[in-house]
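Colleague: Protein chains in written order, with this note's numbering: chain A, 901 to 1039; chain B, 901 to 1039; chain C, 4 to 83; chain D, 4 to 83.
Check before you lean on any hint, since a few could be wrong.
Said to hold, decoys possible - Straight-line distance between alpha carbons at most 27 angstroms, and here's what the computed DSSO-like set of lysine-lysine pairs gives:
(1) K963(B) - K69(D)
(2) K31(D) - K1017(B)
(3) K49(D) - K1025(B)
(4) K1017(A) - K971(B)
(5) K69(D) - K1025(B)
(6) K37(C) - K963(A)
(7) K959(B) - K1029(B)
(8) K31(D) - K1025(B)
(9) K69(D) - K986(B)
(10) K1017(A) - K963(B)
(11) K31(C) - K1017(A)
(12) K37(C) - K986(A)
(13) K1025(A) - K49(C)
(14) K1029(B) - K37(D)
(15) K13(D) - K959(B)
(16) K18(C) - K1017(A)
(17) K986(B) - K37(D)
(18) K37(D) - K959(B)
(19) K925(A) - K971(B)
(20) K13(C) - K49(C)
(21) K963(B) - K925(A)
(22) K13(C) - K1029(A)
(23) K971(A) - K1017(B)
(24) K13(C) - K1025(A)
(25) K1029(A) - K37(C)
(26) K925(B) - K1031(A)
(27) K49(C) - K1017(A)
(28) K18(D) - K1017(B)
(29) K916(A) - K1029(B)
Note that these hints are calculated values from the structure, not bench results.
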Amino acid sequence: MIEPIIEIVDNLDPGKVYQELSHPKSGGVCVFVGAVRDSTQGEEVVSLEFESYQRMALKEMRKIALEAAEKWTLNAVVVRHAVGAKEIEEPVVVVGASAAHRDACFQACRYLIDTLKERVPIWKKEYFKNKTVWVSAHP
Amino acid sequence: MIEPIIEIVDNLDPGKVYQELSHPKSGGVCVFVGAVRDSTQGEEVVSLEFESYQRMALKEMRKIALEAAEKWTLNAVVVRHAVGAKEIEEPVVVVGASAAHRDACFQACRYLIDTLKERVPIWKKEYFKNKTVWVSAHP
Amino acid sequence: MEVLLFGIAKDIVGKTLYELDDVTDNPKSVLELKQYMVAQFPEFGKLSSLAIAVNSEYAADDVSLKQGDEIAIIPPVSGG
Amino acid sequence: MEVLLFGIAKDIVGKTLYELDDVTDNPKSVLELKQYMVAQFPEFGKLSSLAIAVNSEYAADDVSLKQGDEIAIIPPVSGG
């Protein structure tokens, strides 16, 4: 059983994730980086803020990473999320999977980000010029 | 039309690709890094060597990048391959796509590496203890 | 009983920790706590979803609440 | 006519550039060049595939070869 790298941080450095995922048995590494876009449904976003229930978020992130590691026989896995205020273009989440072959690392990486978005208790508040919105809160 | 980043290099630095793909209109960046595995079908690999028909390889890489950029409305795209002698765990190829949403960047990234492997005139020679093999040369 | 509040739940209640009176309020299960919170703060009824975590794990409606449990309201998540 | 050789093609022929005599060999199309190379070096017939590039683009069998074209043998690729 591999030990996943799980972190909630104030500032993300996507550049260092490749070193963390490099492994002599891995032919493929797939990384997804989520960043702050300058607009949502055509409306200009000024900035974002992320808040987490940290203890639970780390637990859920670890569960998701271990599920992926087992399902796709990963050699390394990273799930790292940023919290606090974020500006346009700043990275907010980095997930990555390292596996013998590319099919496995692509599928695992997709699973990591999709499942993180469904389950991990982290909340995003979007600041527009005249309002703020907790994303996904209302139907 | 965006201008893709296309390169054939002696040494790859996967860590810098995120900066190249960062864009204010991108909510998602997906990167694939291919590296040298320590074995192929159970046999221990000592090292690898990559050779390219450089002029044509750059042309094909650019075509593939532009196809992906158009199909998935990418904000940035990188296709970079290494040539020369490579040791175990060294990165040999980095492809990445930057798009508004994650579906697009995942699909584009997968297309980039799959199509590169089909079409780009680059050849890999595997060195085992007692033989060398040009990969895929024979059925 | 104390309930941790995050995201829009914190805005609805106006603080990060909500205290229930164990004698008068007394929700015995996750379902009862949800019903209590919606009754006190109707805005909770308008959310896309409402989950409760007990000891930092998602808890189904029939889970009992015990003295000393860490309880949190989990409004719709939006990480990533 | 000169033909560029890469990967296993280079190993089969034993050099990186193969020169054909335009008068005696004289392949006029991609197909004729392939047939000529397989006849000269039967190992080419054993490869998974054999492609020809003309002016650094993949060329179909019916493409004509002209004086001054950059011609290359493309054995099965294996990048990535």
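Colleague: Work down the list of hints and note, for each, if the structure agrees.
Modeller: Tested hints:
no. : hint               : in the structure
1   : K963(B) - K69(D)   : 25 angstroms, holds
2   : K31(D) - K1017(B)  : 30 angstroms, violated
3   : K49(D) - K1025(B)  : 18 angstroms, holds
4   : K1017(A) - K971(B) : 26 angstroms, holds
5   : K69(D) - K1025(B)  : 32 angstroms, violated
6   : K37(C) - K963(A)   : 26 angstroms, holds
7   : K959(B) - K1029(B) : 35 angstroms, violated
8   : K31(D) - K1025(B)  : 32 angstroms, violated
9   : K69(D) - K986(B)   : 38 angstroms, violated
10  : K1017(A) - K963(B) : 34 angstroms, violated
11  : K31(C) - K1017(A)  : 30 angstroms, violated
12  : K37(C) - K986(A)   : 32 angstroms, violated
13  : K1025(A) - K49(C)  : 18 angstroms, holds
14  : K1029(B) - K37(D)  : 34 angstroms, violated
15  : K13(D) - K959(B)   : 22 angstroms, holds
16  : K18(C) - K1017(A)  : 25 angstroms, holds
17  : K986(B) - K37(D)   : 32 angstroms, violated
18  : K37(D) - K959(B)   : 23 angstroms, holds
19  : K925(A) - K971(B)  : 33 angstroms, violated
20  : K13(C) - K49(C)    : 15 angstroms, holds
21  : K963(B) - K925(A)  : 31 angstroms, violated
22  : K13(C) - K1029(A)  : 22 angstroms, holds
23  : K971(A) - K1017(B) : 26 angstroms, holds
24  : K13(C) - K1025(A)  : 12 angstroms, holds
25  : K1029(A) - K37(C)  : 34 angstroms, violated
26  : K925(B) - K1031(A) : 21 angstroms, holds
27  : K49(C) - K1017(A)  : 21 angstroms, holds
28  : K18(D) - K1017(B)  : 25 angstroms, holds
29  : K916(A) - K1029(B) : 33 angstroms, violated
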